[in-house]
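Participant: Assembling the complex is the task here: the two chains are given apart, and the hints tell you how they should meet.
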Amino acid sequence: DAGVIQSPRHEVTEMGQEVTLRCKPISGHNSLFWYRQTMMRGLELLIYFNNNVPIDDSGMPEDRFSAKMPNASFSTLKIQPSEPRDSAVYFCASSLDRVQSPLHFGNGTRLTVT
Amino acid sequence: DQQVKQNSPSLSVQEGRISILNCDYTNSMFDYFLWYKKYPAEGPTFLISISSIKDKNEDGRFTVFLNKSAKHLSLHIVPSQPGDSAVYFCAAIDSGAGSYQLTFGKGTKLSVIP
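Quick note, the sequences are listed as chains A and B, same order.
Heads up: the first sequence is residues 1 to 114, going by my numbering.
Heads up: the second sequence is residues 1 to 114, going by my numbering.
Everything labelled a hint here was simulated from the structure, so no lab data went into it.
Among the clues, some could well be false.
[Claimed, not checked] With a Cα cut of at most 16 Å, we get these calculated EDC-like pairs of lysine to aspartate or glutamate:
(1) B:Lys106 with A:Glu18
(2) B:Lys5 with A:Glu62
(3) B:Lys109 with B:Asp84
(4) A:Lys68 with A:Glu14
(5) B:Lys71 with B:Asp55
(6) A:Lys78 with A:Asp57
Just so it is clear, the structure is predicted and the values come from calculations on it, not from any experiment.
Isolated chain B (complex conformation) (with noise of 0.2 Å):
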């Protein structure tokens, strides 16, 4: 049963222009979420978290929306540029269960078009 669903596999963007990521979990327990950035043969890097008191959460660039209500949460990337183009992982953690292990999607490939 798979708890965080990021349903693109991929995402093509014009460089400029505005990349939406989205990814559905569905823990109501999840309380953190987080955004890694994936480049090929390299392990993941983290890029921006949000807890579930806040609903929007901006650094630089990147920002990401939380709906709990929804059960939904997008990472918005303005403008893109090329160097942008990597893999995306969704991932959340239920800090209340007592260890902070993440629960991960499986990623979204972004491409940045020049």
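Isolated chain A (complex conformation) (with noise of 0.2 Å):
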């Protein structure tokens, strides 16, 4: 298994430029998050999809941030028009819908925006 799979690894673009990170989960999970690392915050979750249906976007900052999952193996964050304070890692994560099921993180995308 290939696991969580994220793209691109760096993204460096300038304020006001449109970003779109690409996640594709495991196959078979049926769960999946985008979260967002910074030092100041720690790992905060923006949003959760289960069965590809968005069912927890509160901790999407505010409306510059959009996600969506047009099937189960693929899933697009995008942030339009991007600022300074956008910079920071942002990792998807997917899991079979059970408390037992632990999250499988990808490796990341860092995010730059000057």
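Facilitator: Right, here's the structure in full:
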């Protein structure tokens, strides 16, 4: 199993540009999570999908952030327009929808907005 | 309001000795707890978990202890090895909330000195 695959690994962009982060979850997992890691706030949950449906997006910072999951094998997190304070590492994780099933994380996308 | 707290940002231990990482939580509804380990430039990986119906769970060199009355859990690594050097995240789930979202602490960086 290739695990959770995220792309790109690194993204450097200028303020105001659109940024799209991509995630392929582990096959068969029906829950997908987007997390953001910063020094100040640690790992924060942005949005959670179950069976491709957004369940909780209360962690999405503002309307500039949007996430989609068009099918069971692909999800995107989009920031438009990007701002320097969005600089962070963004992780995607997937799991089976039960407590005993731990999250499997991708290796993250390091976003730098200048 | 941080519901899961890891008050020690870092810890240094000699190889072969015991490492003890601590975690406190405030939400009494949390009923499942996990520890994740993270190497630089990688995503967190699941290490060990414990249900609130137990007070101890052991897996090889790793043992997690849960004290529900104190809302405290700890991860013991015995003996510590240089390869254990990583950031360790404590996480908690309220399984009655209708989803299995993890709430993470900010992490403790463990350095095992050869």
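Participant: Next step is simple, just say for each hint if it's right about the structure.
Facilitator: Verification of the supplied hints:
no. : hint                  : in the structure
1   : B:Lys106 with A:Glu18 : violated, 29 Å
2   : B:Lys5 with A:Glu62   : violated, 25 Å
3   : B:Lys109 with B:Asp84 : holds, 10 Å
4   : A:Lys68 with A:Glu14  : violated, 23 Å
5   : B:Lys71 with B:Asp55  : holds, 11 Å
6   : A:Lys78 with A:Asp57  : holds, 13 Å
The structure is inconsistent with the numbered hints 1, 2 and 4, although it conforms to all the rest.
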